[in-house]
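**Q** This is what each chain is made of:
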Amino acid sequence: MGFRLIPKDESFFDLFEQQAKILLDASGVLVEATERFETLAANAKRLERLEHDGDQLTHELMAKLNRTFITPFDREDIHQLVSSLDDVLDLMEAVTERFILFKIQQIMPTAKEIAKVIQQQVQEIHRVMPRLRHMKHADVMPYCIEINRLENVGDRLLRDAFAALFDGSPDPIAVIKWRELYELLEMATDKCEDVANTIEGIVLKNA
Amino acid sequence: MGFRLIPKDESFFDLFEQQAKILLDASGVLVEATERFETLAANAKRLERLEHDGDQLTHELMAKLNRTFITPFDREDIHQLVSSLDDVLDLMEAVTERFILFKIQQIMPTAKEIAKVIQQQVQEIHRVMPRLRHMKHADVMPYCIEINRLENVGDRLLRDAFAALFDGSPDPIAVIKWRELYELLEMATDKCEDVANTIEGIVLKNA
Amino acid sequence: MGFRLIPKDESFFDLFEQQAKILLDASGVLVEATERFETLAANAKRLERLEHDGDQLTHELMAKLNRTFITPFDREDIHQLVSSLDDVLDLMEAVTERFILFKIQQIMPTAKEIAKVIQQQVQEIHRVMPRLRHMKHADVMPYCIEINRLENVGDRLLRDAFAALFDGSPDPIAVIKWRELYELLEMATDKCEDVANTIEGIVLKNA
Chain A
141 MGFRLIPKDE
151 SFFDLFEQQA
161 KILLDASGVL
171 VEATERFETL
181 AANAKRLERL
191 EHDGDQLTHE
201 LMAKLNRTFI
211 TPFDREDIHQ
221 LVSSLDDVLD
231 LMEAVTERFI
241 LFKIQQIMPT
251 AKEIAKVIQQ
261 QVQEIHRVMP
271 RLRHMKHADV
281 MPYCIEINRL
291 ENVGDRLLRD
301 AFAALFDGSP
311 DPIAVIKWRE
321 LYELLEMATD
331 KCEDVANTIE
341 GIVLKNA
Chain B
141 MGFRLIPKDE
151 SFFDLFEQQA
161 KILLDASGVL
171 VEATERFETL
181 AANAKRLERL
191 EHDGDQLTHE
201 LMAKLNRTFI
211 TPFDREDIHQ
221 LVSSLDDVLD
231 LMEAVTERFI
241 LFKIQQIMPT
251 AKEIAKVIQQ
261 QVQEIHRVMP
271 RLRHMKHADV
281 MPYCIEINRL
291 ENVGDRLLRD
301 AFAALFDGSP
311 DPIAVIKWRE
321 LYELLEMATD
331 KCEDVANTIE
341 GIVLKNA
Chain C
141 MGFRLIPKDE
151 SFFDLFEQQA
161 KILLDASGVL
171 VEATERFETL
181 AANAKRLERL
191 EHDGDQLTHE
201 LMAKLNRTFI
211 TPFDREDIHQ
221 LVSSLDDVLD
231 LMEAVTERFI
241 LFKIQQIMPT
251 AKEIAKVIQQ
261 QVQEIHRVMP
271 RLRHMKHADV
281 MPYCIEINRL
291 ENVGDRLLRD
301 AFAALFDGSP
311 DPIAVIKWRE
321 LYELLEMATD
331 KCEDVANTIE
341 GIVLKNA
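Residue numbers (the working numbering), protein chains in the order written: chain A, 141 to 347; chain B, 141 to 347; chain C, 141 to 347.
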C-alpha cells in the first residue's frame, strides 16, 4: 500500500484478536455446558464472566473508535465488526442463562449439535482474525465460506428440531422454552455469518 | 444534473429492478399458497427457489457495491435498499415454510387478507423502482405513500387477528404457531414500508 | 470551536428536546397506567396520541436531515439518535396496547417496577438532552452512566420476573402474554441505553 503520511493504528487488530479469543473460550464453555449437564451451573457462571470481559473490550474498542482519527478501515465497518462479535458472545451467554432460568432438566440432542456448530464457526472466526491485517481476499475467503457453510448446517438442524417440537401432543410450556432456546442458538449461528460477511466486505473494499 | 466526468454505474438500477421483479413473483406465489391450500407444498418450493434467486442477486449487488467507486447514490442507502428488499423476500418465504413446519391445516382468513396486502405493497415497489432512476420526488412519492397506507391496513388487520387469537379458551400450541406466523406477516409489511422510506430518503437527498 | 463560515443548524437540538419532552410525558402515562389499573384504557389512548406526535416529529427530523447540508454532528449519529428515541416511545405505547389486546386483568408487580425504571431512564434522557448542545464529555457522562445503571436494575427485575413466570404449574396462555410484555419492557430499557450510548459517542467525537 506504499508510503503513509499518518500511520494507521494497528492496535485495533490486537483488540479484534483478543475479542475473537474470548469468543473461542466462550464457545468451548457452551459446548461443555450442553454435553455435560452437571457442569451447567459452573459453566453458566464462567460464560457470564467471559461476557463481562467481552463487554469491557467492546467498550474499549468503541471508545477508541470515537477518539481515533485514522482508522485501519472504514469506521462503520469497525463498528459493525465489533457489534457482531459482541452479539455472538451475548447470545452464547443468553443460552446458558436460559437453561438455568427455565430449569431445563435435559438438553435436547439437537441443541448439543448446534452448540458444536457454533463452536466450529467461532474457531474459524478466531483463525481468520489475524489474517484481516493483510487485507488479502484469497487469504480470508476460505474461512468466510466455511462459516457460511456451517450456518447452513445449523439452519437445517434447527429446522428439524423446530418441526419436531410441535409433533405429537407437545407440552406448551416446553414448546415455549425450547422455541426460545432454538431461536437464540439460531441467532448465534446467524451472527457468526454476519461476522464473516463483514470481514469479506472489509477485505473487498481494502484489498 | 449536467456533465459528469465519471459516468455513474446505471447497472445498479437494473439489478434493483430485477430484485423487485423477483419480489413481485414471490408475492403472487404467497397469495396463491394462502388462497388455495392444496397448492401450499408446491408453492412453498417455488418460493424457496425465488428466495434463492434473490439471494444470488443480493450477493451480486453487495459485491458490486464493494467494487464500485462511484455509485449512483450513497453507498449506505444502496446497502439499506438491497437489505430491505432481501428481507421482504426472506419473510414471504419464511411464512410458507412455517405453514409446512407447523403442519397448519387451515389458513386463517386474516392471514389470506394480509398476504394480499403484502402483494399490493410489492406491486407498488415494483412500479416505483424504475422511477428511482430519475430521482424526482413528485414521481416516486405517490407509490411510497400508498405502501405506507397499506402498511397501516395490514397493521389493523393484524391487531384484530392477534386479539382474536387469545379469545375464548384458546389452544396454547395454536396460539404459539399463529402468533409467530402473524409476526412474520407483520414484519413483511413493515419491511415493505422500510423499502418505501429508503426510496423516499434517497430521492430527497439526490433530487 | 472558533469561527464558522456556515453556521450549524441549531434547530436540530430544539427538535431533540421536543422529542425528549414527548418521551417524558409518555413515561408518566405508562407509569400511571400500570399503577392505577382503572386508568389503563384512557392512558392507552393518551399514549397512542403521544406516539403519533412523536412520529410527526421523527418524520420532521428525518426530512430535515435529508435537506440539510451542514448538520450539527454526524448525519448517521443524528439518524441513530432519532431512531432510538422513536423506538423508546413506540415500545412504551406497545406495552399499553398489549395490556388491552391481551385483556390483562391485573398488572404484575414487577411490570409496575420496570415501568418506573423506564420513567427514571427517560427523566435522565430529558435532563441530558439540552446538554448535548455544548458537547462537553464531563457534562453528559453522569446522565449516561445513570441510564446504563438503570438498565441493569431493569435487567435484574426482568430476569427474576421471567424465571417466576415458569414456576409452579403455569398457565401457558398467561406465559405467552407476559413473556411478550416483559420482552417489550426489556426492549424499552435497552433502547434507553442505546440513546445514552449514542449521546456518549456523539460527545466523544465532537468534544
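One or more of the hints may lead you astray.
For chains that are exact copies, the list does not tell them apart, and a pair is met inside one copy or across any two.
The calculated lysine-lysine pairs, modelled on DSSO-like cross-linking and capped at a C-alpha distance of 30 Å, are [what the hints assert, rightly or not]:
(1) 276 x 204
(2) 243 x 317
(3) 276 x 317
(4) 276 x 256
(5) 276 x 185
(6) 185 x 345
(7) 185 x 161
(8) 243 x 204
(9) 204 x 185
(10) 252 x 276
(11) 243 x 185
(12) 317 x 345
(13) 256 x 204
(14) 161 x 345
(15) 204 x 252
(16) 317 x 204
(17) 276 x 243
(18) 161 x 256
(19) 252 x 345
The hints are simulated quantities; they were obtained by calculation from the structure and are not laboratory data. A quick note: this is a predicted structure, and the numbers were derived from the prediction, not measured.
**Q** Evaluate each hint against the coordinates.
**A** Do the hints match the structure? See the list:
Proximity of residue 276 to residue 204 under the C-alpha cut-off of 30 Å is found in both arrangements, the shortest distances being 25 Å within a copy and 18 Å between copies. In the homo-oligomer, the alpha carbons of residue 243 and residue 317 lie at most 30 Å apart both inside one protomer (10 Å) and across protomers (20 Å), since each shortest distance falls under that limit. Taking the shortest Cα distances, residue 276 and residue 317 never come within 30 Å of each other, neither inside one copy (43 Å) nor across copies (46 Å). When the C-alpha separation of residue 276 and residue 256 is checked against a cutoff of 30 Å, the pair qualifies only within one copy, where the shortest distance is 29 Å, while the shortest distance between copies is 47 Å.
Taking CA atoms no more than 30 Å apart as the test, residue 276 paired with residue 185 passes in neither setting, with 39 Å inside one copy and 38 Å between copies. In the homo-oligomer, the alpha carbons of residue 185 and residue 345 never lie at most 30 Å apart, since the shortest distance is 40 Å inside one protomer and 36 Å across protomers. Taking the closest pair of Cα atoms, residue 185 and residue 161 come within 30 Å of each other only inside a single copy of the chain (18 Å); across copies the shortest separation is 41 Å, beyond that limit. Proximity of residue 243 and residue 204 under a CA criterion of 30 Å is satisfied in neither setting, with 40 Å inside one chain copy and 48 Å between copies.
Taking the shortest alpha-carbon separations for residue 204 and residue 185, only the intra-copy value of 29 Å comes in at or below 30 Å, while the best inter-copy value is 45 Å. In this assembly of identical chains, the alpha carbons of residue 252 and residue 276 never lie at most 30 Å apart, being 35 Å within a copy and 49 Å across copies at closest. Taking identical chains as interchangeable, the C-alpha atoms of residue 243 and residue 185 lie at most 30 Å apart only when both belong to the same chain, with a minimum of 15 Å there against 38 Å between chains. Taking the shortest Cα distances, residue 317 and residue 345 never come within 30 Å of each other, neither inside one copy (42 Å) nor across copies (42 Å).
For the identical chains of this complex, residue 256 and residue 204 are neighbours neither inside a copy (33 Å) nor across copies (34 Å), given an alpha-carbon limit of 30 Å. Taking CA atoms no more than 30 Å apart as the test, residue 161 paired with residue 345 passes in both settings, with 25 Å inside one copy and 29 Å between copies. Proximity of residue 204 and residue 252 under a CA criterion of 30 Å is satisfied in neither setting, with 37 Å inside one chain copy and 38 Å between copies. In this assembly of identical chains, residue 317 and residue 204 lie within 30 Å of each other by CA distance neither inside one copy nor across copies; the values are 39 Å within and 42 Å between.
For the identical chains of this complex, residue 276 and residue 243 are neighbours neither inside a copy (47 Å) nor across copies (47 Å), given an alpha-carbon limit of 30 Å. Proximity of residue 161 and residue 256 under a CA criterion of 30 Å is satisfied intra-copy only: 17 Å inside one chain copy versus 39 Å between copies. Taking identical chains as interchangeable, the C-alpha atoms of residue 252 and residue 345 are never at most 30 Å apart, the minima being 37 Å within one chain and 44 Å between chains.
When held up to the earlier numbered hints, the structure conflicts with 3, 5, 6, 8, 10, 12, 13, 15, 16, 17 and 19 and fits the remainder.
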